[in-house]
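Spelled out, the chains give:
There are 4 protein chains.
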Amino acid sequence: MGKIIVEVTVVPLGTESPSLSRYVAEIEKTLREFNLKTKLTPMSTIIEGEWDEVFSAIKAMHNTPFSHGALRVSTSITVDERRDRKLKMEEKIKAVEEKL
Amino acid sequence: MGKIIVEVTVVPLGTESPSLSRYVAEIEKTLREFNLKTKLTPMSTIIEGEWDEVFSAIKAMHNTPFSHGALRVSTSITVDERRDRKLKMEEKIKAVEEKL
Amino acid sequence: MGKIIVEVTVVPLGTESPSLSRYVAEIEKTLREFNLKTKLTPMSTIIEGEWDEVFSAIKAMHNTPFSHGALRVSTSITVDERRDRKLKMEEKIKAVEEKL
Amino acid sequence: MGKIIVEVTVVPLGTESPSLSRYVAEIEKTLREFNLKTKLTPMSTIIEGEWDEVFSAIKAMHNTPFSHGALRVSTSITVDERRDRKLKMEEKIKAVEEKL
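Residue numbers (the numbering used here), protein chains in the order written: chain S, -12 to 87; chain H, -12 to 87; chain Z, -12 to 87; chain F, -12 to 87.
Treat the hints loosely; a few may be bogus.
Identical chains share a label here; the pair holds if one copy fits it or two copies do between them.
Once the Cα atoms are required to be at most 27 angstroms apart in a straight line, the calculated BS3-like pairs of lysine-lysine come out as [as the list claims (entries may be wrong)]:
1) Lys86 to Lys46
2) Lys73 to Lys46
3) Lys81 to Lys46
4) Lys16 to Lys86
5) Lys24 to Lys(-10)
6) Lys(-10) to Lys73
7) Lys16 to Lys(-10)
8) Lys(-10) to Lys75
9) Lys75 to Lys16
10) Lys26 to Lys81
11) Lys86 to Lys73
12) Lys24 to Lys73
13) Lys24 to Lys81
14) Lys75 to Lys46
15) Lys(-10) to Lys81
16) Lys(-10) to Lys86
In case anyone wonders, no lab produced these hints; they're calculated from the structure.
Only chain S is shown next, with the shape it has when bound in the complex (with noise of 0.2 angstroms):
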């Protein structure tokens, strides 16, 4: 098995306030704590490792808005992994650029 990029979305549910941005930066401070290559953008985090790192990782991403207070979280994840090739966050948006 060689690396998975997966994006992440963790989003606590029942919260007093529609504005979660306290809630995602308890999320990414989480996850930095791993040592795991990552991208945060508009809507989700992007991560690029191993599985076994990677879901250690969500799993203690998942935790984390248990640990400020919320009752409910939703998480999700897409897994993209290929066998034939290496797979590279930024090659893959390369691999785009160069056919526009």
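Chains H, Z and F: place on chain S using the hints.
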């Protein structure tokens, strides 16, 4: 940590044929080796269980198309977890239907 | 363009209570005003129909929690469309079950 | 109704090769014909705009792989909308980064 309810869709990419039911059946067989409550829908599989056992099953499901010749796999996962009370798949449906 | 099968989840954010079934029931009522084949699962609603009518229903579903006091709504949609042959929800399930 | 921020991924299924960048580039070209704010990430495209114009663009994006030979397309969409104040993609990122 209690039980989580998870919706999973595992899709092999670059498979030549647009018919994927052969792969989906193998993925379901893999899942059934785990001792988890599951439900197949027309768009995904829903699983109920503890985080670690559910994600062991998902890792095995994600690996299944590679064992059957796929070179790339996209896996989408949505986790729903409540910690104020137990969440069960049939009760989520019942709570909605009572209000209709 | 033929029929599409769509999986939709509409989630109000910042609602104070983590119980969302009251909102989900209102969203289902909105959907039932449209003449579409639908199926409620523990994690989402599956809809079968033509693109334009399905997305009219989804827009109305997305607007429903705002009419009931929500200030923020997150809606997740997955569309599956085949053009080599007709795709129907019960046949997708049957094609998998025959191979189990 | 104000602006929504949407994350979209359009994936052709049953293509001969697991490399999809050729399709993704065509989908991006289609999107650029619309007058919308967009951002390409390694896993999806983020779009900001009014509901109707965003979903006209998504319908055209979803149709693009069919015009280039695909027989099946899977399109994933996540909509984020706030009505208590305007939501802009760069401000969502800024609100998180200020708290890190």
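Numbers of the earlier hints that this structure fails to satisfy, in rising order
No numbers; nothing is violated.
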